[in-house]
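Colleague: From just these sequences and the hints, can you work out the full model?
Read top to bottom, the protein sequences are chains A and B. Here the first sequence is numbered in the working numbering, starting from 3 and rising by one per residue. Here the second sequence is numbered in the working numbering, starting from 765 and rising by one per residue.
Hints are computed from structural coordinates only; laboratory data are not their basis. Model, not experiment: these values are computed from the prediction. We treat Cβ as the ideally placed atom computed from N, Cα and C, and that holds for glycine. Treat the hints with care, since some could be wrong.
[Said to hold, decoys possible] Under 7 Å between C-beta atoms, here's a sample of chain B residues computed to sit facing chain A:
1. Val791
2. His794
3. Asp814
4. Val816
5. Asp842
6. Glu879
7. Asn980
8. Met1001
9. His1006
10. Asp1037
11. Tyr1053
12. Asn1071
[What the hints assert, rightly or not] Just a sample of chain A residues kept apart from chain B, beta carbon distances all over 10 Å, derived:
13. His4
14. Val312
15. Leu649
16. Glu677
[As the list claims (entries may be wrong)] Here are the simulated DSSO-like cross-link-like pairs (lysine-lysine), alpha carbons at most 30 Å apart as the crow flies:
17. A/Lys356 - B/Lys911
18. A/Lys24 - B/Lys772
19. A/Lys314 - B/Lys868
20. B/Lys1010 - B/Lys975
21. A/Lys114 - A/Lys40
22. A/Lys689 - A/Lys660
23. B/Lys1010 - A/Lys601
24. B/Lys975 - B/Lys1012
25. A/Lys105 - B/Lys860
26. A/Lys639 - B/Lys975
27. A/Lys314 - A/Lys369
28. A/Lys52 - B/Lys827
29. B/Lys911 - A/Lys449
30. A/Lys114 - A/Lys52
31. B/Lys782 - A/Lys24
32. A/Lys164 - A/Lys114
33. A/Lys587 - B/Lys975
34. A/Lys587 - B/Lys1010
35. A/Lys9 - A/Lys105
36. A/Lys201 - A/Lys350
37. B/Lys916 - A/Lys678
38. B/Lys916 - B/Lys868
39. A/Lys25 - B/Lys782
40. B/Lys925 - A/Lys238
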Amino acid sequence: MHGRPRKAPKPEDEAASAAKAKKLRSLQSQFFSFHHNKIYTKEAVELSAKLLEINPESYTAWNYRKLAVEHHLSQPESNPDSVKSILDDELRVVESALRQNFKSYGAWHHRKWILSKGHSLIDHELRLLDKFQKADSRNFHAWNYRRFVAELMNRSEQDELKYTEHMIYTNFSNYSAWHNRSVLLSNLLEEKAEGFLSKEKVLPEEYEFIHQAIFTDPDDQSGWFYHLWLLDQTVKDDSPLLVSSWPAHGSDLFLLEDRCHNGSAFSPFTTLHSDSGSFPVVLYFNQSVEGVSSSTVTVESGFNKNEDLVWKPLSASNSQTAQVWVAHLKFPTSEFHSSVEVSVGHSKGIISSKGSQHSYPSTFSFKVCVQPVERDFSEASVAENISWREEDFKVYGRQTQESIPIVSFDELSIKNDHEPTASSWRAEAIAKEIECFRELLSLMDCKIGKLTLARLLMAYDVMAFSCANKLVHSEEVLELYNDLMKLDTSHYQYYKDEHSLVFLQQVTSSRESLLKHCFQYKDSVSSSICNPICLRLNNLSLSQMGAFEKLLWVQMLDLSQNELRSIEGLEAMQLLSCLSLRNNKLRSLTALEPLRKLKSLRVLDISYNEIGEHSIDTTRYLCSSPLSHSVGSEWNKDETVISGVALINYWEAFFIFKELSLKQLDIVGNAIADEKFKSILVKVLPKLKRLDGELLD
Amino acid sequence: MGELAVEKHVEYILAVEKRKDSFESVVMDHLRLNGAYWGLTTLDLLGKLDSVNADEVISWIMKCQHESGGFAGNIGHDPHILYTLSAVQVLALFNKLDVLNIDKVATYITGLQNEDGSFSGDMWGEVDTRFSYIAICCLSILRCLDKINVEKAVNYIVSCKNLDGGFGCTPGGESHAGQIFCCVGALAITGSLHHVDKDLLGWWLCERQVKSGGLNGRPEKLPDVCYSWWVLSSLIMIDRVHWIDKEKLFRFILDCQDVENGGISDRPDDAVDIFHTYFGVAGLSLLEYPGLKAIDPAYALPVDVVNRIFFGR
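Modeller: Right, dumping it as structure tokens:
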């Protein structure tokens, strides 16, 4: 099936082929006769060997031979010698089949089955494996078999590690050997086996080793992924850590129940209009965790009982793990002040998805002030149409003495009880790698050099400057990604996405740069400014959204005129009430899945995207639906029509929109948005007041 | 850039179905049920499924079913999970799943799940994540996924995740695009894609594209049209397909056609076969080649067939 040259069939070839076919058919039918009649004589068994020699893929013949073996082993005359002889025969047949096709699943499995009987010599197996490795060092069947034999023999992981070293020195371009090395090494490190106590000692040696592979031939991929793994091991602390929260530590939160209030006494950054009688508390970890609950997180406030709080993971599907968790605190309706203290992880239970315990308990606190209803503007706010026009925005120019309660730039936003010490060996290792790769790039312009340097510089900045939140290398990193977009055009979009992420980190890394993107929105109905700060990240060529841990405070977000194909991660922005994704590259309704977790979202503009233009949906399995068995039990799987909507044609609209309480939606400029579709939307979104600028009745 | 020679490929597939006398054909006899799935799905993607006699095909398929409920690759052979999926998929194409005794098939498959959540291919115990995918896909099409222990099945698949973000056939097995498709597909169907590090795996997968524009299955190997399916569908399920150059891949697949005799081969100018014809056309469908039906990246069946199963009558 693979690697045979295409040639026109000649008549003599066809005749020969037909003759061979006839022979094989006759063998096969004799074989079937023996197999179906359970005949296991010497003659019958030999016939199956002939068949397998010609066609090692004939799986039923392998099954038959196992039955024959079991039949003979169970005979009263069988003794250790006859048993060994029978099994040796099988091993010979396997070897002969493997010579025909050393990738035959059936042959390898038969050998394992025989070895598992426990009567054969195992030492011979390692010698056999050496032969196969010489023939093809990437044969994964052989590597799998090697793992099987090593376990049978109880070979130590250290010995197997030496074997991978030997294979790599024979030929650096052996991804299979590097892969096996990564498995063995990570096991040994985790077990804290003798001689493998710390990453601190082991990783520098591994870096030396991998350099030989990468620097010998930078275009050979064999070492790239191993190096990335080493980098990951150097940078990441296994233990999960809280990196951000909303409300932020030390902030003063003002909760207002009416839409407009006079007076600019309150900072628009920390003012929240809430018509639900509650506000969210958001926890953002550095990795996915489970076990966040009222037992592991304590919220002490004058107005809520901690045990009543329900913490939910912000993830699609049935997952109980997430990087971001939220709980809602109910607040009293009368005028009210209180301080709230949140303690995370003081009792055990929060675990990363890799199994590491959360071991850095942290605390943050903030003040809450509730302003009761003064005037009733509910009617006006219903009619209000957010139009996102340029002239509606005014730069937020107020002199800010106040800190923007995102991440405090000069001090830690989270008060951690035990700060993870940025061990010097990590920073040193990264610094050394940076040096090595700068040297490589001075000798030759290569893709892996630039990409690795970009990753190293970002890692270094994050590690060395996490307190100060400065990103000294970000300009250089952006340059490197620009270079890569030109150097390796096939992977242009990969580098573009990385570029967008770095750019966003840069924008959110200082008060000055962030303020440039903060605007106030003035609505046409009332002359006062009653909407929160709008973060405008429009027209920035963004292909990917990020830096969410710095943006948890955002209530109004303008992402229009970008190149966004995905809004992965946006579910973290729990305060979002107004969002514009106008003029982007969203391709399907399922791409809007993250919005389902935004309970406060009221205004959504997805006009001028590509929804309905594409036959292939790349987020089909990243949304909760029956296709991925991730819908709750409230959906009856026999229902084909819901709310008058035939699911087979509109299931995406139904599942994505039914939980959104949108008041305003703009969808014009998408191929899907015909009149029929718009009428379906009105059925699925009962609270909708405006669609494409038109008031609905 | 060439074009897809639709008529030629349809003729090729129909001819292969009839030609049973060549040596190549006899040697593949034992997996004829897989061949039926490859050929018929390709015909459906090309809009020509009605070129075959559905009743004949279905009647032959049912003759391949054993007492145990499992299907063999062809009449006379032993049952195996590989052919059981193909049987169910072909019946789904024809919208004839109702000819099955679903409980019987489900019992065969649930009987193959092991304590650790893995699946054996048949009674002889070979374990491979391919079989995990097959079990999950098959029972899902039959709408009885809850008959297996899904949590354990997912845990086993996750235990096969490697440090490069990919997946192997068993724990510790090297990442390979075929196995990655199976694991990612299984995780997609069970709503468990949060176990995949999409950026890490996405980078590994997009680096399968070599200079010629074709895709290989793992680092430093030759490109092959079948990876147009396995790598591409995996990238699509995790929404990272924009990280490869689709134009270049288009051209590679089209260059692998035999435009005179029909069929698609693994590499340009190699011999064609049904296997690569299916993967080439399926790959083109994923790339939105005009005129082709859309294929579902997880179930490997046309999208309208999958939607019919879950939302139709």
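Colleague: Does each hint hold? Answer for all of them.
Modeller: Hints versus structure:
The interface hint given for B/Val791 holds, since its Cβ lies 5 Å from the closest Cβ of chain A, which is under the 7 Å cut-off. A least Cβ separation of about 5 Å between B/His794 and chain A falls short of the 7 Å threshold, and the interface hint therefore holds. With its C-beta approaching chain A no nearer than about 21 Å, B/Asp814 sits outside the 7 Å limit, and its interface hint is violated. Hint status for B/Val816: violated, given a least beta-carbon distance of 23 Å to chain A, over 7 Å.
Contact between B/Asp842 and chain A, as hinted, is supported at the beta carbon level, the nearest pair being about 5 Å apart and thus within 7 Å. The beta carbon of B/Glu879 is not positioned within 7 Å of any beta carbon in chain A (closest approach about 17 Å), and the interface hint is therefore violated. Contact between B/Asn980 and chain A, as hinted, is not supported at the beta carbon level, the nearest pair being about 10 Å apart and thus beyond 7 Å. Below 7 Å, beta-carbon pairs count as interface contacts, and B/Met1001 has one with chain A at about 5 Å; its hint therefore holds.
Interface restraint check: B/His1006 against chain A, minimum CB-CB distance 4 Å, threshold 7 Å, status holds. Contact between B/Asp1037 and chain A, as hinted, is supported at the beta carbon level, the nearest pair being about 5 Å apart and thus within 7 Å. The restraint placing B/Tyr1053 at the interface with chain A is violated, with a minimum CB-CB distance near 9 Å, outside the 7 Å limit. Interface restraint check: B/Asn1071 against chain A, minimum CB-CB distance 5 Å, threshold 7 Å, status holds.
Distance check on A/His4: its Cβ comes as close as 5 Å (rounded) to a Cβ of chain B, failing to clear the 10 Å threshold; non-interface status is violated. At roughly 20 Å, the least C-beta separation between A/Val312 and chain B is larger than 10 Å, which holds for a residue marked as non-interface. The non-interface label for A/Leu649 is inconsistent with chain B: the shortest C-beta to C-beta separation is roughly 4 Å, within 10 Å. Distance to chain B confirms A/Glu677 as a non-interface residue, since its nearest Cβ pair spans about 22 Å, more than 10 Å.
This hinted pair checks out: A/Lys356 and B/Lys911 have alpha carbons roughly 28 Å apart, not beyond 30 Å. For the suggested pair A/Lys24 and B/Lys772, the alpha carbons sit about 29 Å apart, so the restraint of at most 30 Å is met. For the proposed pair A/Lys314 and B/Lys868, the alpha carbon gap of about 40 Å is over 30 Å, so the pair is violated. At most 30 Å may separate the alpha-carbon atoms for a hinted pair to count; B/Lys1010 and B/Lys975 meet this at roughly 13 Å.
About 23 Å separates the Cα atoms of A/Lys114 and A/Lys40, which keeps this hinted pair within 30 Å; it holds. For the suggested pair A/Lys689 and A/Lys660, the alpha carbons sit about 10 Å apart, so the restraint of at most 30 Å is met. Between the alpha carbons of B/Lys1010 and A/Lys601 the distance comes to roughly 37 Å, so the proposed pair goes past 30 Å and is violated. Distance hint between B/Lys975 and B/Lys1012 is fulfilled; the C-alpha atoms sit about 9 Å from each other, no more than 30 Å.
Only pairs whose Cα atoms come within 30 Å are accepted, and A/Lys105 paired with B/Lys860 is rejected, the gap being roughly 36 Å. Between the alpha carbons of A/Lys639 and B/Lys975 the distance comes to roughly 46 Å, so the proposed pair goes past 30 Å and is violated. For the proposed pair A/Lys314 and A/Lys369, the alpha carbon gap of about 23 Å is at most 30 Å, so the pair holds. With a C-alpha separation of about 27 Å, the suggested pair A/Lys52 and B/Lys827 falls inside the 30 Å cut-off, and the hint holds.
Of the pairs offered as hints, the one joining B/Lys911 and A/Lys449 is violated, with about 49 Å between alpha carbons and a cut-off of 30 Å exceeded. Taking the CA atoms of A/Lys114 and A/Lys52, the gap is near 21 Å; set against the 30 Å cutoff, the hint holds. Taking the CA atoms of B/Lys782 and A/Lys24, the gap is near 16 Å; set against the 30 Å cutoff, the hint holds. A hinted pair counts as satisfied when its Cα atoms are at most 30 Å apart, and A/Lys164 with A/Lys114 qualifies at roughly 24 Å.
Among the hinted pairs, A/Lys587 with B/Lys975 is consistent with the structure: their alpha-carbon atoms are about 27 Å apart, no more than 30 Å. Only pairs whose Cα atoms come within 30 Å are accepted, and A/Lys587 paired with B/Lys1010 is accepted, the gap being roughly 17 Å. With a C-alpha separation of about 25 Å, the suggested pair A/Lys9 and A/Lys105 falls inside the 30 Å cut-off, and the hint holds. Pair hint A/Lys201 plus A/Lys350 holds up; C-alpha atoms about 25 Å apart against a cutoff of 30 Å.
Between the alpha carbons of B/Lys916 and A/Lys678 the distance comes to roughly 44 Å, so the proposed pair goes past 30 Å and is violated. For a cut-off of 30 Å, the pair hint linking B/Lys916 to B/Lys868 stands: about 22 Å separates their Cα positions. A C-alpha spacing of about 20 Å is found between A/Lys25 and B/Lys782, which places the hinted pair at or below 30 Å, so the restraint holds. Between B/Lys925 and A/Lys238 the alpha-carbon distance is near 19 Å, which keeps this suggested pair within the 30 Å criterion.
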